[in-house]
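Keeping their order, the protein sequence lines are chains A and B.
Counting from 1, one number per residue, gives the positions in the first sequence under my numbering.
Counting from 1, one number per residue, gives the positions in the second sequence under my numbering.
If you're looking for bench data, these hints aren't it; they were derived computationally from the structure.
Hints may be right or wrong, so weigh each one.
The list cannot tell twin chains apart, which means a pair is met if one copy fits it or any two copies do.
As the list claims (entries may be wrong) - Using 25 Å as the maximum straight-line C-alpha spacing, the simulated BS3-like pairs for lysine-lysine come out as follows: (1) LYS11 x LYS185; (2) LYS11 x LYS90; (3) LYS176 x LYS61; (4) LYS90 x LYS176; (5) LYS200 x LYS80; (6) LYS51 x LYS184; (7) LYS70 x LYS176; (8) LYS185 x LYS51.
Computed from a predicted model, the values in this text were never measured in an experiment.
So the chains spell out like this:
2 protein chains.
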Amino acid sequence: PSERELGEQFKVSRVTVRQALQHLEAEGVIYRQNRRGWFVTPPAVIYDPAKHLSFNLYVSKQGYTPHTDKLMQQVEPANKEIAQLMSIEKGAPILFLHRRRYIDRRPVLIEKMYINIDLLPGIENEDLTQSLSQLLLNKYQHQYRDMDLSFTATALPEHVAKDLATSTGQAGLHVKRINFTDDKKVLEIDYEFWRHDAVKIEISIRD
Amino acid sequence: PSERELGEQFKVSRVTVRQALQHLEAEGVIYRQNRRGWFVTPPAVIYDPAKHLSFNLYVSKQGYTPHTDKLMQQVEPANKEIAQLMSIEKGAPILFLHRRRYIDRRPVLIEKMYINIDLLPGIENEDLTQSLSQLLLNKYQHQYRDMDLSFTATALPEHVAKDLATSTGQAGLHVKRINFTDDKKVLEIDYEFWRHDAVKIEISIRD
DNA sequence: CTGTTAATCTGGTATATACCAGAAAACTTT
DNA sequence: AAAGTTTTCTGGTATATACCAGATTAACAG
Numbered sequence: 001p002s003e004r005e006l007g008e009q010f011k012v013s014r015v016t017v018r019q020a021l022q023h024l025e026a027e028g029v030i031y032r033q034n035r036r037g038w039f040v041t042p043p044a045v046i047y048d049p050a051k052h053l054s055f056n057l058y059v060s061k062q063g064y065t066p067h068t069d070k071l072m073q074q075v076e077p078a079n080k081e082i083a084q085l086m087s088i089e090k091g092a093p094i095l096f097l098h099r100r101r102y103i104d105r106r107p108v109l110i111e112k113m114y115i116n117i118d119l120l121p122g123i124e125n126e127d128l129t130q131s132l133s134q135l136l137l138n139k140y141q142h143q144y145r146d147m148d149l150s151f152t153a154t155a156l157p158e159h160v161a162k163d164l165a166t167s168t169g170q171a172g173l174h175v176k177r178i179n180f181t182d183d184k185k186v187l188e189i190d191y192e193f194w195r196h197d198a199v200k201i202e203i204s205i206r207d
Numbered sequence: 001p002s003e004r005e006l007g008e009q010f011k012v013s014r015v016t017v018r019q020a021l022q023h024l025e026a027e028g029v030i031y032r033q034n035r036r037g038w039f040v041t042p043p044a045v046i047y048d049p050a051k052h053l054s055f056n057l058y059v060s061k062q063g064y065t066p067h068t069d070k071l072m073q074q075v076e077p078a079n080k081e082i083a084q085l086m087s088i089e090k091g092a093p094i095l096f097l098h099r100r101r102y103i104d105r106r107p108v109l110i111e112k113m114y115i116n117i118d119l120l121p122g123i124e125n126e127d128l129t130q131s132l133s134q135l136l137l138n139k140y141q142h143q144y145r146d147m148d149l150s151f152t153a154t155a156l157p158e159h160v161a162k163d164l165a166t167s168t169g170q171a172g173l174h175v176k177r178i179n180f181t182d183d184k185k186v187l188e189i190d191y192e193f194w195r196h197d198a199v200k201i202e203i204s205i206r207d
């Protein structure tokens, strides 16, 4: 029901209803879509970065339907941070890829990827709504192995919230991933913003 | 300044001030202490679970001062979940340890640990405000190796928020950790609730 | 039937106001 | 000087109301 209806039903003001709904949202029980209403949160998908599975694969394995939108793709000059991480010159061309990913038609993840085009010639002409890891394996015989991961729980930036059709300031999980080739070069850098309620990260450490 | 002062200063209502402050809080720029006021968030500590360092060690290595409160300690019967994970009988004695941990006098983490007392006889008589990993190493020659980790970004439960002197519904990071012995027995299960703005998790995966 | 326009519904943001609960400070009393 | 009490200040919760922005739906025109 809408906020106004809930207010009437429970004889409280709309402001109070909103606070209560925002509490439930913080717990991950419900979520909202911008000016469309409140919905029950579906179960979170389990994501194990160390398993090197593609989004499409682990989402469908868990019984959900994945989908990917390509928001932008272009070859662009590397900025300072990317250049430094990839050990290339600032301004050297890299492939930038901006995608939105869905689980059961719900947008849950915005990712921005910076791909080392030197190591993957011709990749900019491939279909990049598909699984990148599959493509790397089939066309370039590259398999993800070593990676550096970083997680922070933080609010979704404004443009990300917009792309996910949620409200600004919504809680999210920020993941940064650096993928290396077998010979320790930086293959790809990935910045992910997840809806906080859409994912649970599980990693096994085996020394 | 207080919410009322800010409202006067910028000629907006207190409700609006609160919303703005809550946005900044979600971004991790500021935080509040229950009925004490709003404060600037100090830098987050970097936590790498795979490095097997103790809280005291990695916090002080990064230039901060760690501190630990023991909120509760008792030998108690294992509940179903714990018993199952530890492969012991439900109701068998385990050591429960409830601690609050500080960085530079700011409470940032509540942890509840369930320790397999069979593998660590006499541990309940040790000083458990100190580093557990140090104790395990010195007294039992146990070193953390394999572990299963799980992360979710979620609101702090009511009692956790209270223990951290913050407001209910505050964003947090929930970490579950299962530590194994060298021979693959479950040594200890750890449930951690972090302030979302106090920690950044970094893991290197090297296959 | 199709495309366009207008009305309606949704949450998002804002005002002003009131009272409560607990932390901190000021003031007593001993 | 120390201990207890009161006051003041803080955020926390709640009311009622208003208008905005965008998504959805209904009505209309061709």
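**Message:** Need the list of violated hint numbers for this structure, in ascending order.
**Reply:** Violated: hints 1, 2.
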